[in-house]
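Participant: Listed below, chain by chain, are the residues.
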Amino acid sequence: MTGLLDQIIQAVLLGGLYAIFALGLAISVGVLKFINVAHGDLIVAMSFLMLTLTNSLGLPVPVALIVLIPVGAGVGWLLQFGLFQRAASQNELQIILITFGLSVIIQNGLLGLYGADTRKVTAGGIEMASINLFGNINAGVLPLIIFVTACLLIVGLEQILYRTGLGIQIRAIADAPAAAKLVGLRLAGLMAVAMAMVGITEAVSGGLMSIWTNFDPSSGSSRLLIAFEVVVLAGLGSFWGVLVGGIIIALAQTFGGMIDSAFQMLAGHIVFLVLFLFRPQGLFPKT
Amino acid sequence: MSALLELRGLNVFYGAFHSVHGVDISCREGEVLSLIGANGAGKSSTLRAIIGQVPRVTGEIRFAGEDISRRTTPERISSGIALVPEGRQLFPNLTIEENLKIGGYTGQKGSIGLAEVYEIFPALSERRKQLARLLSGGQQQMVAIGRALMMNPRLLLCDEISLGLSPKIIAEIYEVLPRIRDHGVSMILVEQDIARALSASDHVACMLEGRISLAGPSSEVSREQIAASYFGE
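Chains as they are written, first to last, in our numbering: chain U, 64 to 350; chain G, 10 to 242.
Calculated from the structure, these hints are not laboratory results.
Source: prediction; values computed, not measured.
The beta-carbon is built from N, C-alpha and C at its ideal position, and this holds for glycine as well.
Honestly, I wouldn't trust all of these hints.
To be verified - Examples of chain G residues toward chain U, derived with CB under 8 Å:
{"hint": "1", "residue": "Pro83"}
{"hint": "2", "residue": "Leu99"}
{"hint": "3", "residue": "Ala132"}
Claimed, not checked - Residues from chain U that keep clear of chain G, each with C-beta distances beyond 10 Å, as calculated:
{"hint": "4", "residue": "Glu155"}
{"hint": "5", "residue": "Met191"}
{"hint": "6", "residue": "Ile231"}
{"hint": "7", "residue": "Gln232"}
{"hint": "8", "residue": "Ala239"}
{"hint": "9", "residue": "Val246"}
{"hint": "10", "residue": "Leu248"}
{"hint": "11", "residue": "Pro343"}
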C-alpha cells in the first residue's frame, strides 16, 4: 500500500513537469490559434542552452535558469514577429508547415552543435535530496521544486491573463480577432507578447527538464506529444486543467509501468485516447 | 463650426470591385450626420474607410484638420475616432466590463470611463461580470456603444445600431444618443430607417450605388426626396 501511494505521489510530481511542457502549447493553441510543431524542440534547445550555461560557462544552475527566462522570452518574441506573424497572414496550414520546418532546423542545428549523445545537466546534491512527507513516503526535492514551479507558472499566467489590461487584450484577440482589429488592438504586438510568454514556459521547462532527465537533439518530438496530449485533455483556456492533464498522463504512465515497463508510455497514450473519445472538448474547457 | 471630418473624393475598392465612388461628405464638430441608403449602397464601406478597415482607398480623409488616410486603425482611434460596428462585434467570452475596458485601452484618455458608461446604460452595471455572449441583442448593442465611448472619441461612427433589435430596444438606444452628444461627441449614423435617421440627426446624406445621391439639413430634406434618392427614382 505504501509503495502504491509512493508511486502516486511521484506520478503527481512528474505531472508538474508535463504541465510545464504543455503550458506554452496551451497558449499557442488557445491564444495564438496555431499548433507549434517546434514546441518540443524549442524546449530541448533551451535544455542544451542550459547545458552550455552551466558546463561551458560555469554558471550555477539557479543563475543559468534565471538567464534562460529572458532568452526564452526574446526567442518567442522574435519568432512571432519575424516568422509566425508573416505566415499567419497567409493561412493556418502555412504556419503549421513553418513550425514543422523550424522543428527540423532546430533538431539538425542541435545535432551539429552538440552531437547525438544523450546529455544531462548536473545540479549537485539537490538531485538526490528528498524530504519525508509522512510515514515512509518521501519526495524528491527537485520534483517538488518542479511541481511548485508549475503551480507558480499557472498562477502567474492566470494573473496576467485574467487580472491585467495586457491579459484582457491578449484574450480579446484570441476571442475575436476581427473585432480586435475594429477596436484598434495592436494584434502583432500583443501576439508577440503572448509568444514571449510561451518562450518563458519553454525556457523554464527546458531548464528544469535538463536537470531531471536525459535529453538529446531528437527528444523534442516526445515532449511535443506529451504536451499535445495534456493540452487536449485539459481543454482550451484552462491552465489548472493543464496541471490535471499532466498528472493524469503521468499517473497512467506510472500504472502502466507497474504492469510492464514496456507498457509505460503506451499507457499514457491509451488513457489520453479513451478520455478524448468521451470528452473531445477536454476535461476543463473554459470557452 | 469647423469640419471635424471631411471626405474628399473617397473611393473604396474590394479587389476589382469599386464599392464607393468619389464620395464627398463632411461632419462638423458636435454634429450628428445620418448616412442612409439601401443595402449595398456603400454606407458601411464608407465608415470602414474612415476607421481604416478596407483593403484599398483613394481620396482624402481629413480628421480635425489632418489627413489621416495613411494612418492605421489604432492611430485613427487614438486620434479620436471610434466605431460601433455592424453586428456589434463584441468579444463573446469576455465579460461586459472587460469588453468596455478594451475601449479604454485603445482610445484617448478623457472624461468618459466605466462610471459614465454605466450611468448611460444602467442595465450593464448590474451585469458587469456576465459574459457578452450571454446577453440579449439590445444589451450587446449597449456594450458595443459603451466600448466605443470608452475610447473617448470626438467622432462616433455607428453602423446600423438598430439592426436586429426590437422597436422598444431601438427606441431606448436612440434615447441615449443625445446624452452621448452632451459629452461633445459628434456622430455619423448609418441607418436604413429613414424616419429614425431624420429625427436623430442634424444633416442627412443619402447613398445610392456607392455615390451620394442627396445631402442636406435633416429639417429641410423631405421624406419624398429621400425616398427618391434611396431607390434612385
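Participant: For every hint, state whether the structure bears it out.
Facilitator: Each hint tested on the structure:
| no. | hint | verdict |
| --- | --- | --- |
| 1 | Pro83 | 4 Å, holds |
| 2 | Leu99 | 7 Å, holds |
| 3 | Ala132 | 21 Å, violated |
| 4 | Glu155 | 20 Å, holds |
| 5 | Met191 | 46 Å, holds |
| 6 | Ile231 | 5 Å, violated |
| 7 | Gln232 | 6 Å, violated |
| 8 | Ala239 | 5 Å, violated |
| 9 | Val246 | 6 Å, violated |
| 10 | Leu248 | 6 Å, violated |
| 11 | Pro343 | 19 Å, holds |
Hint compliance for this structure: hints 3, 6, 7, 8, 9 and 10 are broken, all remaining hints hold.
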